[in-house]
Amino acid sequence: MTSSVIDASTTFQQAQEKGLIEAAKQGDKLAYRQLYESHVGRVYALCFRLTADKALAEDATQEVFIQLWRKLDNYSGQSKFSTWLHSVTSNVTVSYIRKQKGWWQKVFNIEDAGLHEDADAGSAGDIDLEAYILKLPERARMVFVLHAIEGFRHEEVASMLDMAVGSSKAQFHRAKQLLTEWMSDANENE
Amino acid sequence: MQTKMSEQRLQDALAALPSEKSPQRDLWRGIELALENPGQAKNDAPVSEVSKNKAPVWLASAASFALVATLGWFGLQEKAGSDLSIQSAALVESLSQQQQNQVNAMLVRFEGQDPASDNWQEQMKELDDAATAIKVALEEDPANGALLQMLQHVYQQQIALIERVHAPKWQQI
Chain A
1 MTSSVIDAST TFQQAQEKGL IEAAKQGDKL AYRQLYESHV GRVYALCFRL
51 TADKALAEDA TQEVFIQLWR KLDNYSGQSK FSTWLHSVTS NVTVSYIRKQ
101 KGWWQKVFNI EDAGLHEDAD AGSAGDIDLE AYILKLPERA RMVFVLHAIE
151 GFRHEEVASM LDMAVGSSKA QFHRAKQLLT EWMSDANENE
Chain B
1 MQTKMSEQRL QDALAALPSE KSPQRDLWRG IELALENPGQ AKNDAPVSEV
51 SKNKAPVWLA SAASFALVAT LGWFGLQEKA GSDLSIQSAA LVESLSQQQQ
101 NQVNAMLVRF EGQDPASDNW QEQMKELDDA ATAIKVALEE DPANGALLQM
151 LQHVYQQQIA LIERVHAPKW QQI
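From first to last, the protein sequence lines stand for chains A and B. Positions 1 to 190 (the working numbering) are the ones given, in order, by the first sequence. Positions 1 to 173 (the working numbering) are the ones given, in order, by the second sequence.
Be a bit skeptical, because a hint or two may be false.
[Claimed, not checked] Calculated pairs, BS3-like style, for lysine-lysine (alpha carbon to alpha carbon, straight line, at most 27 Å):
no. : chain 1 : residue 1 : chain 2 : residue 2
1   : A       : Lys-101   : A       : Lys-80
2   : A       : Lys-18    : A       : Lys-80
3   : A       : Lys-71    : B       : Lys-4
4   : B       : Lys-125   : A       : Lys-99
5   : A       : Lys-71    : A       : Lys-25
6   : A       : Lys-101   : A       : Lys-71
7   : B       : Lys-125   : A       : Lys-101
8   : A       : Lys-18    : B       : Lys-125
9   : A       : Lys-135   : A       : Lys-101
10  : B       : Lys-135   : A       : Lys-99
11  : B       : Lys-21    : A       : Lys-71
12  : A       : Lys-169   : B       : Lys-4
13  : A       : Lys-135   : B       : Lys-21
14  : B       : Lys-135   : A       : Lys-54
15  : B       : Lys-4     : A       : Lys-29
16  : B       : Lys-125   : B       : Lys-135
17  : B       : Lys-21    : A       : Lys-80
18  : B       : Lys-21    : A       : Lys-176
19  : A       : Lys-29    : B       : Lys-125
20  : B       : Lys-125   : A       : Lys-135
21  : B       : Lys-21    : A       : Lys-101
22  : A       : Lys-176   : B       : Lys-4
23  : A       : Lys-54    : B       : Lys-4
24  : A       : Lys-101   : A       : Lys-176
25  : A       : Lys-54    : A       : Lys-18
26  : A       : Lys-71    : B       : Lys-125
27  : A       : Lys-135   : A       : Lys-80
28  : A       : Lys-99    : B       : Lys-4
29  : A       : Lys-71    : A       : Lys-99
30  : B       : Lys-4     : A       : Lys-101
31  : A       : Lys-135   : B       : Lys-135
32  : A       : Lys-99    : A       : Lys-18
Hint data in this document are derived by calculation from the structure and do not stem from the laboratory. From a predicted model like this one, the values you see are computed outputs, not experimental measurements.
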């Protein structure tokens with residue numbers, strides 16, 4: 001009984017979302033805003049974890065929804081909308097980071113700072129994985145977020161980040177090693 | 001054993017990560033603006049519209065003077081209140097127009113001359129993207145003088161880039 005209610009609710013939500021997507025494809029901005037409201041939380045979370053910077057993540061989120069509006073016609077409905085949206089988000093954010101990094105370095109000659117020492121690592125004893133992820137070096141962080149959190153295969157991650165599959169695996173291993181190390185240290189300090 | 005435990009703790013922490021986060025500011029306004037003005041960022045006035053006379057050096061000086069004057073004026077107006085965003089938008093528009101005129105004039109001047117670098121247009125594009133990003137930020141925060149200075153800096157870099165890649169060979173040594 002409960003499961004059939006859940007199924008019905010899911011089916012209803014999917015149908016509703018499908019309607020919103022179709023309306024947005026026809027240029028209905030109100031429908032698009034509803035889609036934005038439903039998905040902005042997940043999109044922003046992914047952008048934030050990829051960029052490790054609130055302001056950049058907010059800008060990247062806007063860029064995602066601006067580009068998504070133009071790409072909506074490409075969504076065929078074969079996969080779940082959220083799956084497709086996450087793939088678009090990852091690609092747009094990665095290229096946004098590249099672009100930002102490119103011109104900031106050109107204009108202000110800023111080098112890659114490596115580890116984010118200023119990330120708030122949470123209080124001792126409290127394992128705040130989110131804060132540790134932000135502390136990871138950029139490439140390791142992006143690979144970890146895309147593979148471990150978003151579930152992309154190493155082949156997909158490598159293609160998104162323009163690196164070899166082996167590098168993606170190595171960066172993932174490095175990220176995992178750093179995270180477990182930091183978590184153990186936090187545990188010892190408890 | 002220790003490693004297995006650490007990995008398990010990592011897996012547990014991963015599973016507990018929230019799937020959603022809330023941005024601190026309202027992002028929809030900027031998105032809506034961009035959807036309403038899809039061509040705003042494009043600035044592709046053809047070079048041929050500019051007079052093909054010899055490079056007007058006075059234009060560069062006039063533009064620099066105007067930049068300094070308008071930045072000073074902006075500084076004085078910083079606390080002026082509600083119409084600040086309108087003034088800022090006008091100032092940005094004016095700076096961008098002057099920049100476009102100056103770039104066009106320089107491109108006419110160097111027409112037919114081989115550039116020293118193959119990818120200078122790519123570099124120009126990156127600087128254009130930077131200027132666009134700053135202008136978007138200025139729409140959100142019109143009173144931010146630092147952003148305005150950054151915009152000016154990016155424009156100066158574009159001028160310097162065009163000059164550098166088109167300088168006579170003996171000047172590039």
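Outcome of the hint check:
{"no.": "1", "hint": "Lys-101/A <-> Lys-80/A", "result": "violated, 32 Å"}
{"no.": "2", "hint": "Lys-18/A <-> Lys-80/A", "result": "holds, 10 Å"}
{"no.": "3", "hint": "Lys-71/A <-> Lys-4/B", "result": "violated, 43 Å"}
{"no.": "4", "hint": "Lys-125/B <-> Lys-99/A", "result": "holds, 11 Å"}
{"no.": "5", "hint": "Lys-71/A <-> Lys-25/A", "result": "holds, 9 Å"}
{"no.": "6", "hint": "Lys-101/A <-> Lys-71/A", "result": "holds, 25 Å"}
{"no.": "7", "hint": "Lys-125/B <-> Lys-101/A", "result": "holds, 14 Å"}
{"no.": "8", "hint": "Lys-18/A <-> Lys-125/B", "result": "violated, 38 Å"}
{"no.": "9", "hint": "Lys-135/A <-> Lys-101/A", "result": "holds, 18 Å"}
{"no.": "10", "hint": "Lys-135/B <-> Lys-99/A", "result": "holds, 16 Å"}
{"no.": "11", "hint": "Lys-21/B <-> Lys-71/A", "result": "holds, 24 Å"}
{"no.": "12", "hint": "Lys-169/A <-> Lys-4/B", "result": "holds, 19 Å"}
{"no.": "13", "hint": "Lys-135/A <-> Lys-21/B", "result": "holds, 18 Å"}
{"no.": "14", "hint": "Lys-135/B <-> Lys-54/A", "result": "holds, 19 Å"}
{"no.": "15", "hint": "Lys-4/B <-> Lys-29/A", "result": "violated, 50 Å"}
{"no.": "16", "hint": "Lys-125/B <-> Lys-135/B", "result": "holds, 15 Å"}
{"no.": "17", "hint": "Lys-21/B <-> Lys-80/A", "result": "holds, 21 Å"}
{"no.": "18", "hint": "Lys-21/B <-> Lys-176/A", "result": "holds, 23 Å"}
{"no.": "19", "hint": "Lys-29/A <-> Lys-125/B", "result": "violated, 30 Å"}
{"no.": "20", "hint": "Lys-125/B <-> Lys-135/A", "result": "violated, 32 Å"}
{"no.": "21", "hint": "Lys-21/B <-> Lys-101/A", "result": "holds, 24 Å"}
{"no.": "22", "hint": "Lys-176/A <-> Lys-4/B", "result": "holds, 12 Å"}
{"no.": "23", "hint": "Lys-54/A <-> Lys-4/B", "result": "violated, 33 Å"}
{"no.": "24", "hint": "Lys-101/A <-> Lys-176/A", "result": "holds, 25 Å"}
{"no.": "25", "hint": "Lys-54/A <-> Lys-18/A", "result": "violated, 31 Å"}
{"no.": "26", "hint": "Lys-71/A <-> Lys-125/B", "result": "holds, 23 Å"}
{"no.": "27", "hint": "Lys-135/A <-> Lys-80/A", "result": "violated, 32 Å"}
{"no.": "28", "hint": "Lys-99/A <-> Lys-4/B", "result": "violated, 39 Å"}
{"no.": "29", "hint": "Lys-71/A <-> Lys-99/A", "result": "holds, 20 Å"}
{"no.": "30", "hint": "Lys-4/B <-> Lys-101/A", "result": "violated, 37 Å"}
{"no.": "31", "hint": "Lys-135/A <-> Lys-135/B", "result": "violated, 30 Å"}
{"no.": "32", "hint": "Lys-99/A <-> Lys-18/A", "result": "violated, 33 Å"}
Checked against the numbered hints given earlier, this structure breaks hints 1, 3, 8, 15, 19, 20, 23, 25, 27, 28, 30, 31, 32; the rest are met.
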